[in-house]
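A.B. asks: Read off the chains here:
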Amino acid sequence: MIKKLHLPLSEKEILDLRAGDQVELSGVVYTARDAAHKRFVELLEQGKELPMDIKGGAIYYVGPTPASPGRVIGSAGPTSSYRMDPYSEAMMKEGLKVMIGKGPRSKEYKDMLVKYKAVYLSAIGGAAASIGDSIKKCELICYEDLGAEAVRRLEVENFFAIVTYDTKGNDLFEDGIKQYKK
Amino acid sequence: MREVRVSEITDKIEEMFIDACRNIPCNILASLKEAKEKEESPLGKEVIERIIQNDELARDKQLPICQDTGVAVVFLEVGYDVHFDGDIYEAVNEGVRRAYINGYLRKSVVKHPLDRVNTKDNTPAIVHVKLVKGDKVKIDVAPKGGGSENMSLVKILIPADGVEGIKKLVLDTVFKGGGKPCPPIIVGLGIGGNLEQSALLAKKALLREVDDVNEDPILAKLESELKEEINALGVGPMGFGGTQTCLAVKALAYPCHIASLPLAINIQCHAARHKSYIF
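Chains as they are written, first to last, in my numbering: chain A, 1 to 182; chain B, 183 to 461.
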C-alpha cells in the first residue's frame, strides 16, 4: 500500500507516481517558504546560482518550530503551497522535481508539472510533531535572518506523503471531492 | 478595588500559550475521533487517524501540535473593580515573548506588513479588552495559525440576503478554501454588529467549546444545518475528498443597522488551540 522511495527520485520513479499514491520518502529535502522563494527567484533573475543544487531534488514547504534540547528539529508540518505558485516555474526550470506541501494550487501550476515532469506531494497539515520525528538531520544552508523561514537541508526517513498532482495532470483534490460531493 | 499584579498576568500568559500549543483540548480530540468513525473516505480516515496520533504524540512528548504556533490572540475581560499595578499590554506581550522563546514555539510575526521583518519573539500580541462587572480578570488565549486565517473573510450582506445568503457565502468560502485551511475545520461566524464587530464576534465564536450548544435557538439551528451542508460539500480531511470537512460551526450575533447584515467567517484548522483562566 505505501511505496517506499529514496530521494532523489529517478525519472522513471517520478513518471510512475500517481495521484493518490501513499509514499514514505527517505533522503534529502530542502526547506523553503515564501520569503526564501522570493530570494531564489531574485538570484535567478540576476543570473546567479541558487544556494543549493536543486537539480533532480525536492523542496518541502515548511517553517519548523525551533528544536527543543535533544531534538534535531521542532514540529515541522507543511505550509499552504499555493503561496509558492508564483515562484515554482523558475524552480522547475532549475531542475526541481518534487515539491511537498499542503492544499490545492493553481491550474497553471498543475500544467507546469506535466511540462517539467515534476510532482506535487502533500504531507498531513498539522501533523507537525509526528513529521518532526521523521526528520533525522537538519542543517542550516542560508538566510538565517529569516528565522523559521531559513533554508535548511533535511535528511528524512520514512516521511509520509500523498501524491497529489502527478505528471499526467491527475488531481487528487478534484477527483476526491467529486466522489464525495452530495 | 482589587489589586492585580501584572507580573502574575505575564507568568500566566506564558504558561497558557505553551500549554495551548502542546495540549489539544480533550473535546477537540474526542471530536476528531468521532469524525474518524463517521468518515466515509478510506484516505480521509487515514488522514484523521494521523492527525489524532500527532496530537497524542505532541501531548506525550510536550511538542507543539503544529509548527504554526500562530499569532498570539488574547481576550481579557477585566472587572471594573480591578486595579493593575502596571502596564497590562506590556505584561501580556512579555508573557507572549517568554512563551514563544522559552517554549520553543515558532515566531511568526513580522513588524510591518509590507517590509516584513520578523520581530523574533512573536510580539506584539493582538489584545482585545472588555470591561465587565466585578473584580476578576478572565484571560482567553488562542494561538491562531495563518493557513486557516487566510481563508477567512468579512462581508456586509443586506437584510434581504437573510439566512440563505449567509449559508451561501459560508459554503462558497469553505468550498473555495478546499484543503488549504487544514480540514476538518471549525467555522466561526460573527453575524451582525458592523464591519469590525462582526470580525471580533467570529474570532470569539472560535473560543467556544467545540461540543457546546448555542443558547440562541436561531443560531443553534443555523450551526447544525450549516455543519451538515458543509460536510455535504465533499471537501473532506485535508481536501482529499470525504464527508468530514467540518467539526463544528460556532456563531455569535449582535444587533445591527436596519440596512445591514454583516457576516464574518473565521476559519479555524483542526488544531483548535485555546485556553482560559480566571484570576
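Hints in this document: simulated from the structure, not taken from any laboratory.
Small disclaimer: the values here were computed from a predicted structure and weren't measured.
Glycine is no exception: its CB is placed at the ideal position from the N, C-alpha and C atoms.
Any given hint could turn out to be false.
What the hints assert, rightly or not - Distance condition first, Cα-Cα at most 30 Å in a straight line; then the derived DSSO-like pairs of lysine-lysine:
{"#": "1", "chain 1": "B", "residue 1": "K302", "chain 2": "A", "residue 2": "K182"}
{"#": "2", "chain 1": "A", "residue 1": "K107", "chain 2": "A", "residue 2": "K55"}
{"#": "3", "chain 1": "B", "residue 1": "K302", "chain 2": "A", "residue 2": "K137"}
{"#": "4", "chain 1": "A", "residue 1": "K136", "chain 2": "B", "residue 2": "K227"}
{"#": "5", "chain 1": "B", "residue 1": "K218", "chain 2": "A", "residue 2": "K182"}
{"#": "6", "chain 1": "B", "residue 1": "K302", "chain 2": "A", "residue 2": "K107"}
To be verified - Pair ranges (Cβ atoms, derived):
{"#": "7", "chain 1": "B", "residue 1": "V311", "chain 2": "A", "residue 2": "D111", "range": "16 to 24 Å"}
{"#": "8", "chain 1": "A", "residue 1": "E24", "chain 2": "B", "residue 2": "R241", "range": "20 to 28 Å"}
{"#": "9", "chain 1": "A", "residue 1": "I141", "chain 2": "B", "residue 2": "M183", "range": "32 to 40 Å"}
{"#": "10", "chain 1": "A", "residue 1": "E24", "chain 2": "B", "residue 2": "Y262", "range": "22 to 30 Å"}
{"#": "11", "chain 1": "A", "residue 1": "L44", "chain 2": "B", "residue 2": "D269", "range": "46 to 54 Å"}
{"#": "12", "chain 1": "B", "residue 1": "K349", "chain 2": "A", "residue 2": "R153", "range": "28 to 36 Å"}
{"#": "13", "chain 1": "A", "residue 1": "D111", "chain 2": "B", "residue 2": "F357", "range": "17 to 25 Å"}
{"#": "14", "chain 1": "A", "residue 1": "E157", "chain 2": "B", "residue 2": "G316", "range": "53 to 61 Å"}
{"#": "15", "chain 1": "B", "residue 1": "R241", "chain 2": "A", "residue 2": "I141", "range": "48 to 56 Å"}
{"#": "16", "chain 1": "A", "residue 1": "E94", "chain 2": "B", "residue 2": "D267", "range": "44 to 52 Å"}
{"#": "17", "chain 1": "B", "residue 1": "K215", "chain 2": "A", "residue 2": "A67", "range": "24 to 32 Å"}
{"#": "18", "chain 1": "B", "residue 1": "S442", "chain 2": "A", "residue 2": "Y82", "range": "27 to 35 Å"}
{"#": "19", "chain 1": "B", "residue 1": "E272", "chain 2": "A", "residue 2": "R153", "range": "47 to 55 Å"}
Unchecked claim - So, partial list: chain B residues that the calculated Cβ filter (under 8 Å) puts toward chain A:
{"#": "20", "residue": "I247"}
{"#": "21", "residue": "S334"}
{"#": "22", "residue": "G421"}
A.B. asks: It remains to establish, for every hint, whether it holds in the given structure.
C.D. replies: Results of checking the hints against the structure:
1. Of the pairs offered as hints, the one joining K302 (chain B) and K182 (chain A) is violated, with about 46 Å between alpha carbons and a cut-off of 30 Å exceeded.
2. Among the hinted pairs, K107 (chain A) with K55 (chain A) is consistent with the structure: their alpha-carbon atoms are about 24 Å apart, no more than 30 Å.
3. Between K302 (chain B) and K137 (chain A) the CA atoms are separated by roughly 24 Å; this keeps the pair inside 30 Å, and the hint holds.
4. Between K136 (chain A) and K227 (chain B) the CA atoms are separated by roughly 27 Å; this keeps the pair inside 30 Å, and the hint holds.
5. Annotation: proposed proximity of K218 (chain B) to K182 (chain A) holds, straight-line Cα distance about 19 Å (limit 30 Å).
6. Of the pairs offered as hints, the one joining K302 (chain B) and K107 (chain A) is violated, with about 35 Å between alpha carbons and a cut-off of 30 Å exceeded.
7. Taken as a hint, the range 16 to 24 Å is violated for the pair V311 (chain B) and D111 (chain A), whose Cβ atoms sit roughly 50 Å apart.
8. Under the hint 20 to 28 Å, the C-beta atoms of E24 (chain A) and R241 (chain B), about 24 Å apart, fit the expected range.
9. Distance hint check: the CB atoms of I141 (chain A) and M183 (chain B) are about 57 Å apart, inconsistent with the given range 32 to 40 Å.
10. At about 59 Å, the CB distance of E24 (chain A) to Y262 (chain B) disagrees with the hint of 22 to 30 Å.
11. L44 (chain A) and D269 (chain B) have their C-beta atoms about 47 Å apart, which keeps the hinted 46 to 54 Å range intact.
12. Range check, K349 (chain B) to R153 (chain A): Cβ separation about 48 Å, and the 28 to 36 Å hint is violated.
13. A hinted range of 17 to 25 Å for the beta carbons of D111 (chain A) and F357 (chain B) is consistent with their spacing of about 22 Å.
14. Judged by the Cβ atoms, the range 53 to 61 Å given for E157 (chain A) and G316 (chain B) holds: they are separated by roughly 55 Å.
15. Roughly 32 Å separates the CB atoms of R241 (chain B) and I141 (chain A), a value that falls outside the hinted 48 to 56 Å.
16. Checking the proposed 44 to 52 Å range against E94 (chain A) and D267 (chain B) shows it is violated: the Cβ atoms sit about 58 Å from each other.
17. Separation of K215 (chain B) from A67 (chain A) is about 30 Å and conforms to the stated range, judged on CB atoms against 24 to 32 Å.
18. Evaluation of the 27 to 35 Å hint for S442 (chain B) and Y82 (chain A) yields a pass: the beta carbon distance comes to about 32 Å.
19. For E272 (chain B) paired with R153 (chain A), a C-beta distance near 39 Å fails the hint of 47 to 55 Å.
20. Hint status for I247 (chain B) relative to chain A: holds, with the closest Cβ pair at about 6 Å, below 8 Å.
21. For S334 (chain B), the shortest C-beta to C-beta distance to chain A is roughly 13 Å, which exceeds 8 Å, and the interface hint is violated.
22. At its closest, the beta carbon of G421 (chain B) sits 5 Å from a beta carbon of chain A; the interface hint therefore holds under the 8 Å criterion.
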